[in-house]
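Please construct the entire structure, taking both the sequences and the accompanying hints into account.
Counting from 1, one number per residue, gives the positions in the sequence shown under the UniProt record's numbering.
Hints were generated in silico from the structure; no laboratory data involved. Don't take each hint at face value.
Derived DSS-like pairs (lysine-lysine); straight-line CA-CA distance at most 30 Å [to be verified]: (1) LYS95 to LYS111; (2) LYS166 to LYS143; (3) LYS136 to LYS86; (4) LYS95 to LYS136; (5) LYS111 to LYS86.
DEER-style ranges, computed between Cβ atoms [stated by the list, open to error]: (6) PRO90 to PRO113: 19 to 27 Å; (7) ASN151 to TYR127: 26 to 34 Å; (8) ASN99 to ALA137: 31 to 39 Å.
Note that this is a predicted model, so its numbers are computed, not measured. All residues carry an ideal CB built from backbone N, CA and C; glycine is no exception.
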Amino acid sequence: MGAKRSAILGIGIGQESTALAVLQSNCEQQQQQHQHHLHLSSSNNKNNYNYINKMAHFKIVAFFVCAVVLFVLSTKSAEAAIARVKFSNPSYPGKCVLNSNVIMAPGQTGKAPDHLCAGVTCLENGYVEFRTCQAKAPPKGCKQRDFVNTNRNYPECCERSYDCTKHI
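Structure representation (structure tokens):
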């Protein structure tokens with residue numbers, strides 16, 4: 001059997017033990033190299049895993065920050081401020097009494113007294129809804145100025161003037 005194995009390996013009968021020793025040595029070297037490669041590979045994998053986790057976390061956080069910013073900007077770009085306040089007076093049941101000169105019935109609308117440009121609507125049980133003008137950005141390169149005509153009714157009084165002159 002030993003002669004057959006030696007013939008297959010292409011070595012002489014006396015050299016079989018030497019060849020086995022060389023093969024064993026080569027195998028041990030390859031195992032050591034493989035283990036070293038695995039060690040480097042596992043530490044690289046840990047670093048890659050940490051990097052991937054950090055990037056994934058960053059992307060998730062960045063996505064939510066962008067989503068929140070877009071949501072806030074989209075909902076606030078052209079809204080008016082709205083407030084509901086009770087303005088009742090037992091002397092005028094069911095009416096909205098804004099002051100001694102302004103007494104409104106439910107459903108009645110008008111311009112708010114003592115405000116440059118705001119609308120009021122009388123609701124049930126003496127509640128009043130106040131509305132301000134929509135927030136609008138001025139044209140590019142312009143600065144927003146005063147209302148054009150505060151004597152107009154609400155919402156026509158919301159028209160604004162702009163200063164679009166180039167400033168140095």
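Report the numbers of all earlier hints that the structure fails to satisfy, in ascending order.
4
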